[in-house]
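Engineer: Residue numbers (numbering that gives the first Met the number 0), protein chains in the order written: chain P, 0 to 173; chain U, 0 to 227.
Some hints could be false.
[Claimed, not checked] For each label pair, taking beta carbons as the anchor points, the in silico distance ranges come out as: (1) S41(P) to S175(U): 36 to 42 Å; (2) R30(U) to V171(P): 37 to 43 Å; (3) K99(P) to G141(U): 38 to 44 Å; (4) L82(P) to E118(U): 57 to 63 Å; (5) R155(P) to A76(U): 40 to 46 Å; (6) D191(U) to G135(P): 15 to 21 Å; (7) G141(U) to H145(P): 35 to 41 Å; (8) H30(P) to A76(U): 54 to 60 Å.
The set of hints was computed from the structure by calculation and includes no laboratory data. Where is the CB? At the ideal position from N, CA and C, for every residue including glycine.
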Amino acid sequence: MSIGHTLLGLLESGPRHGYDLKRAFDGKFGHDRPLHYGQVYSTMARLLKHGLVEVDGIEPGGGPERKRYAITEAGITDVEKWLAQPEKPEPYLQNTLYTKVVLALLTGRSAAGLLDTQRSEHLRLMRELTERKRHGDLADQLVCDHALFHLEADLRWLELTAARLDLLAAEVAE
Amino acid sequence: MSTTDNLMEAVDLHKAYGPTPALDGAEFAIRAGEVVAVMGPSGSGKSTLLHCLAGIVRPDSGSVLYRGRDLTAMSDAERSALRRGEFGFVFQFGQLVPELTCVENVALPLRLNGTRRKEAEARASEWLARLEVGELAGKRPGEISGGQGQRVAVARALVTGPRVIFADEPTGALDSLNGERVMRLLTDAARDTDAAVVLVTHETRVAAYSDREVVVRDGKSRDMERVA
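Make the full structure from the sequences, and use the hints.
Structural biologist: Shown next, in the form of structure tokens:
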């Protein structure tokens, strides 16, 4: 995730102090990974240097951390460009599991057992996320759903591979 | 898991339809309050396993013990009585009676067990409300959506206070949102009433509502908790 663009986006609704920005970020996006203060201030320093934010005011008696930041026109344009640009889809072609399955077949180990073990591990995580959804708010549900759909796709691949193990074993043996 | 902990236990089940074996030594166990997902490819035998556990189909050999009693040794009448009194069923398509209103549909298992109409419908209304479809009590199945119908079907499965709920692809005909709602309500209600749920599904996101998973392949079952 681009922290810089996210903080810029949060500033569009009005100027904020670094501390407020961190709180807003953590509340909306930082469920599992809250920002460190250092990250906020180093990011704001970079945005300031590039003219994407400006200092809107400084609290009397405060140090640098009491600065209030506002987004500039250049900053708004930057956020708009970032939002309009599609994210590059992950190709998922580097697959450790596939490598493990082939190596298991090559070395006479149980590829079916490996797939079953992985399946159990995936479902265990899916259960955890489903339980979290049960008690979470809408943001939690959407974040967990994103993970659940990806895990589900992995599981479908595991099932399909399990169903094709004999074919793969024959191909690997050639 | 010791045998005494199990509410239901199936041992070495065999069932063939003509020359085709549907179950080939399948095993299964479930405790009270537990949700167990039964998964497997199409034609693997998972629905046959559910039907044997529920006493709908008699296996060719093997036993299904429910609270110490062997279903395979019971008469048809005894198994029917068990299904009406202690088991609840949810199928892929709610299979509600189209001529009856939703509250009458939910009250039906109670009426078949001899409960008076007023009391049966009062309890049915409570379950409809709990499944968040209380406002549909007077409507007929043809007047409600698929997701609503499935919640009515869950209410009907739970109204008798069953000890085991058999759910065969309960979300198979629903979109993701409605499917999740049905699963949340079904598993919440089962946990609250300490009912066991045997959940046949091919969807891993639905299976994630379970406590444990059993995979059926070629008529043989595998408890995935014991893998690795």
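Engineer: Should the hint that L82(P) and E118(U) are 57 to 63 Å apart at their CB atoms be regarded as holding?
Structural biologist: Cβ of L82(P) to Cβ of E118(U): about 59 Å, so the range 57 to 63 Å holds.
Engineer: Quick check: does the Cβ-Cβ distance between K99(P) and G141(U) fall within 38 to 44 Å?
Structural biologist: violated, 52 Å
Engineer: Does the hinted range 36 to 42 Å hold for S41(P) and S175(U) at CB?
Structural biologist: holds, 40 Å
Engineer: Could you say whether the range 37 to 43 Å given as a hint is met by the Cβ separation of R30(U) and V171(P)?
Structural biologist: holds, 42 Å
Engineer: Check the following: the C-beta atoms of G141(U) and H145(P) are separated by a distance inside 35 to 41 Å.
Structural biologist: Since the Cβ atoms of G141(U) and H145(P) sit about 37 Å apart, the hinted range of 35 to 41 Å holds.
Engineer: Within 15 to 21 Å: is that where the Cβ-Cβ distance between D191(U) and G135(P) falls?
Structural biologist: holds, 20 Å
Engineer: Do the Cβ positions of R155(P) and A76(U) conform to the proposed distance bound of 40 to 46 Å?
Structural biologist: holds, 44 Å
Engineer: Range first: 54 to 60 Å. Now tell me if the beta carbons of H30(P) and A76(U) are that far apart.
Structural biologist: holds, 55 Å
Checked against the numbered hints given earlier, this structure breaks only hint 3.
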